[in-house]
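For reference, the chains in residue letters:
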Amino acid sequence: MDDKIVTKGLNAYFGDVHAVKGIDIRIPKNAITAIIGPSGCGKSTLIRCMNRMHEVVRGARVTGEVLLDGKNIYSSQTDPVLVRTKVGMVFQKPNPFPTMSIYDNVVAGLRLNGEKDWKRLDATVERSLKLAALWDEVKHQLDASGVSISGGQQQRLCIARALAVQPEALLLDEPCSALDPIATAKIEDLLFDLKDKYTIIIVTHNMQQAARVADFTAFMYMGELIEFGATKKIFESPDKELTEKYITGRFG
Amino acid sequence: MNTYEYRKLKNTLASGLALACVILALIPLIYILAGVVAKGAPALSWEFLTSRTAGTGESGEGIGNAIVGTLLLVLYASLIGLPVGILTGIYVSEYGNNRFGTTVRFFNDVLANFPSIVVGLLAYALVVAYLNVGFSLIAGAVALSIIMIPIVANTTEEALRMVPNSLREGALALGVPRWRTVLKVMLVSGRAGIVTGALLAIARIAGETAPLLLTAFYSSYWSLSPTEPIASLPLTIFRNYNSPSEVLLQQAWGAALVLIMIVLTLNIGVRLFTRQKTRKSKVVRKKWTTRLSRRD
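Chains as they are written, first to last, in numbering that gives the first Met the number 0: chain D, 0 to 251; chain Z, 0 to 295.
Don't take every hint at face value.
These stretches of chain Z come out as covered by chain D in the derived footprint (C-beta under 8 Å, 3 or more residues) [to be verified]: (1) 120-128; (2) 156-166; (3) 183-193.
If you're looking for bench data, these hints aren't it; they were derived computationally from the structure.
Just so it is clear, CB atoms sit at the ideal spot from N, CA and C, and this is done for glycine as well.
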């Protein structure tokens, strides 16, 4: 299987805090990879390094390499803006733009970058909302504010917004932690449908969620990658004792 | 008395005290407003609002040129002060996370608390004397814009800081370049605060007197020229009030009433504007939905 994203000796810092410590991981293409681990273990920071969002934070630094289709996204020739169009991101808390309608939210990435062709925008809105399994719920209220819908719908709107710029990979940073079980189930179904076309990386606190949706699972602890492998293997017969302790709920 | 009753008593006393202070603070405001209306209203007439002010030794008819002068001063000052102030606020909020930004922020605060007469002196030295323009509309506008800049910069910075960081990250993560994110997400989300700051700064400079003494000076003639001295409402009040003529004294009150009305209108405008913005954000754009849903 091809690797979509490969990190080599990746370190990430916030000022003096060393949040991600020398991680080497190979994320397979068109599959769902879950990253689990206790709070503060650096899992969010790790995925934020994969679309150059880590450096947006004041005082944040990255060393090492992240290869997207074999090309280092941290080389001096790489435009971080271009990387972010290829690797989309959905955040922990739904963050639709409150000043924009549902329609405008979906095509925000296109319109903010100057796309003006309404036919293309209309088509993108419909396609992205259908992909995000939200179309039927909002098709009659596309002019309503992006924050007028429920939290679960807002999160799917954010997924639609990320899909609208046609990324190749999608990073999800605990996308369901603010949602109820029904909304969570909808998003998990959605991820399942999306994995044929997209490489998906999901950070989650919820081990059941990782077990349900992910093909591969990575376990992180204190900024280090402890174990990475097929989800079944990680959950049923992990190699490391630490992984087993975490999976069985003995710490974390 | 049990503890609950004791607490209730303390509560009543404390809220009573707070209310008394509110009333105390309102008394001067109401007194000033009532006094200005009572003494100024009789002076108001169409002729008063449209004729020019009295020159030396004349008995004078109106304040028309002073109203035009104040509006022009505010307009020119805003043309300089608003762009500089807003851009400074954007810089400090979005790009100022470094020592230079901190320095700018510090001097901005210093400038905001500068005595306005000193700002007037600066504008005098720079425009009137050094550039040799003389007492003029443009010198007055420069002085007023210097007063305006820190106010606008501070409110812009504040408005942008109020915009949740998640929106900035959301836009950046979509592959929107930083400058577009600032322009189309941050500024749009913070626009209510920015407009409020701009209007408050305008209201503030409309009433400035001291710096105009040293810059725009005074004129009893109609003038639109940027390089000529020009009349203004605050200076008309100042000048007429010092005159022995009863008519001119009355006109000072009339001018005060007009000035207060301009400032109040701006303040009320700010309130209406911000209220409308928060209510409007529910429904955004109609045309697209109708086009889309018709297709089903």
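Now the hints, each set against the structure:
1. Requiring three or more residues with a Cβ within less than 8 Å of a Cβ of chain D, the coverage given for the segment 120-128 of chain Z is violated, as only 0 such residues are present.
2. Here's how the segment 156-166 of chain Z fares: 3 of its residues keep a CB closer than 8 Å to some CB of chain D, so the rule of at least three is met and the hint holds.
3. With a threshold of 8 Å between beta carbons, the proposed coverage of the segment 183-193 of chain Z by chain D holds, since 4 of its residues qualify and at least three are required.
Hint compliance for this structure: hint 1 is the single one not met.
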